[in-house]
Amino acid sequence: MIAATRTFLVPFMRRPVAAAGLGILVLMIVTAILAPVLAPYDPSKIDPISRLLPPNAAHWFGTDQFGRDILSRVIYGARLALLIGVGVVSFALITGVPAGVLSALFPRFGRVMMRLIDVLMSFPALLLALGLIVILGRGVSNAILAIGVVYLTTTSRITYGLTLRLRTETYVEAANSMGAGAFWTIRKHVLPNLVSPLLVQASFVFAFAQLSAASLDFLGLGAPPEIPSWGNMLAEGRIFITRAPWLLFFPGFAIAITAFSLNLVGDALRDRLDPRFRDMLRK
Amino acid sequence: MIEQPLLDVRGLSTDYTAKRGGKTVRVQAVKDVSFTLAKREVLGIVGESGCGKTSVGRSIIRLAKPHRGEVIFSGKDIFTTGGDALKQLRLKIRMVFQDPFASLNPRRSIGDSIAETGDIHGLFASKAERHRQVQQALSNVGLDGSFAARYPHELSGGQRQRVGIARAILPAPDVVIADEAVSALDVSVQAQVLNLLADLRESMGLSMIFISHDLGVVGQISDRVAVMYMGRIVETAPTASIIEQPIHPYTRTLMAARPKPDPRIRIKAGIEIGEPPSQFERPAGCPYAKRCPLVTTICTTDDPALRTIAPGRLVACHNV
Chain E
0 MIAATRTFLV PFMRRPVAAA GLGILVLMIV TAILAPVLAP YDPSKIDPIS
50 RLLPPNAAHW FGTDQFGRDI LSRVIYGARL ALLIGVGVVS FALITGVPAG
100 VLSALFPRFG RVMMRLIDVL MSFPALLLAL GLIVILGRGV SNAILAIGVV
150 YLTTTSRITY GLTLRLRTET YVEAANSMGA GAFWTIRKHV LPNLVSPLLV
200 QASFVFAFAQ LSAASLDFLG LGAPPEIPSW GNMLAEGRIF ITRAPWLLFF
250 PGFAIAITAF SLNLVGDALR DRLDPRFRDM LRK
Chain C
0 MIEQPLLDVR GLSTDYTAKR GGKTVRVQAV KDVSFTLAKR EVLGIVGESG
50 CGKTSVGRSI IRLAKPHRGE VIFSGKDIFT TGGDALKQLR LKIRMVFQDP
100 FASLNPRRSI GDSIAETGDI HGLFASKAER HRQVQQALSN VGLDGSFAAR
150 YPHELSGGQR QRVGIARAIL PAPDVVIADE AVSALDVSVQ AQVLNLLADL
200 RESMGLSMIF ISHDLGVVGQ ISDRVAVMYM GRIVETAPTA SIIEQPIHPY
250 TRTLMAARPK PDPRIRIKAG IEIGEPPSQF ERPAGCPYAK RCPLVTTICT
300 TDDPALRTIA PGRLVACHNV
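Chains as they are written, first to last, in numbering that gives the first Met the number 0: chain E, 0 to 282; chain C, 0 to 319.
Because the hints were derived from the structure by calculation, they are not lab data.
Please note that the accuracy of each hint is not assured.
Stated by the list, open to error - With a cut-off of at most 20 Å between alpha-carbon atoms, the simulated DMTMM-like pairs for lysine to aspartate or glutamate come out as follows:
#1 C:Lys64 to E:Glu168
#2 C:Lys91 to E:Asp117
#3 C:Lys86 to E:Glu172
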């Protein structure tokens, strides 16, 4: 267990930038879990006297137009960001990977499946998500579902392409010549070789899910307004952008840094999981 | 001679369809190929690339489905077997692939790759039994038992090909098909792997089909050689006679074109004129007619059949 943890951390120890990315990600997760402990104020508590205060000793990130503490709201916002990220990635992988793998291995199924995916992909990502929200209604779980459908398309496409290539690998042919069935091929040859590219894909999806969720929130179609999400904060603060830029700066920064750190972590993990890179890192 | 052949290939033909300029063209990769393989015999199949030798090998392990013809193994046609008989077939006829790197999954340990057949077919009664058999296979190919825990990228080309052979021999097969099994290796390593195959043939009583474009390599290991040209067998003969006295004009050209150890001896005879004809526009008559020094009128109209001209020697040519 200790050894496993240590090998997981090796690529990060060798790469300070990746380590910083991992650090930010861990910070975000810890923040999300410990939000009630960390937040200095109730994120929804209205305080008309201290409206639109710039950052100060009592309110490090300042306050918004209702006098709510922005630091506390950013801290609580991490919860929703994490939920959206995990939810969208899980949905995209759980639906996209089987769709892609089965399409590649069973061409008849694949022809139908991939055309459906093509139809979904022909819509601009945000428009597709908006359309789904209109059908499903506003809400956190519906936002996850809508954004998940958007990224299910790219995930299944990537999986499909990789599996098509893997299917023609000599070692898969060798397995076929030994009598391996489709299930064996998927489990022993396809999925293990998909892990690292899909990990990178997952990190991208997590990062873009943040941006998509923020966009939906911003348009008033994501999380309900009473939930302190970073996107909602941007939406509510936008009319004060010249008078009180801190209303937008802190949630905007939180979104950007989360998306950025996820990419760094994804890259480092990919290098770690590929045995060819593994030796390079060991040296 | 009355002995039943282990493997009997009869009239094997494999077609591929290709799209060319919007039209679907049929390519005859293998055309009416027949041969037998006796127990403990090594049959070499030589020919230039694209002559169909790999397709023959792939058909025998059912990786490619032939258009016509049958392959009889221990009395049964391999293309119609299913169920338990098919499982036996998978264990008894094994392939060693050309590229020793591509034929091993980079994410699976050497031990897992070697044990794969056993895992697929549930051959191992226990983990200990699996371990024992993997270790045995490794030692049979001259590799240390510690290799089981390693990964393909840690191994040299020669070691990887030994692993490919270990995987092939694990279930104690009857026939091993080696498709260009040493072509990707350095000459010195080639010799080691060839020696290994020769040793295994002795110790395990294997029959082998050794497919290669390299006559020198085929000559070293084979008892009998079949020469293929454009999907057909043009000559079969015992190895010694085909090297000393090739009969078919194509075989003669091949022999003459072999590199000589002495650079002062120039290749004089039988330099080929032109390219082989396109697979897409197969000429009528003998496919070798355009390049053949012995060509006569009949060659451009009639495709010569393989006929016996001496005991154990079959040649497909009108003019010899």
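(request) Mind checking the alpha carbons of Lys91 (chain C) and Asp117 (chain E) for me, to see if they're no more than 20 Å apart? (result) 45 Å, violated
(request) For the pair supplied as a hint, Lys86 (chain C) and Glu172 (chain E), confirm whether the alpha-carbon distance does not exceed 20 Å. (result) 16 Å, holds
(request) Measure nothing beyond the straight line between the CA atoms of Lys64 (chain C) and Glu168 (chain E); if it is 20 Å or shorter, mark the hint as holding. (result) Roughly 18 Å between the alpha carbons, so the hint for Lys64 (chain C) and Glu168 (chain E) holds.
The earlier numbered hint that this structure contradicts is number 2, and it is the only one.
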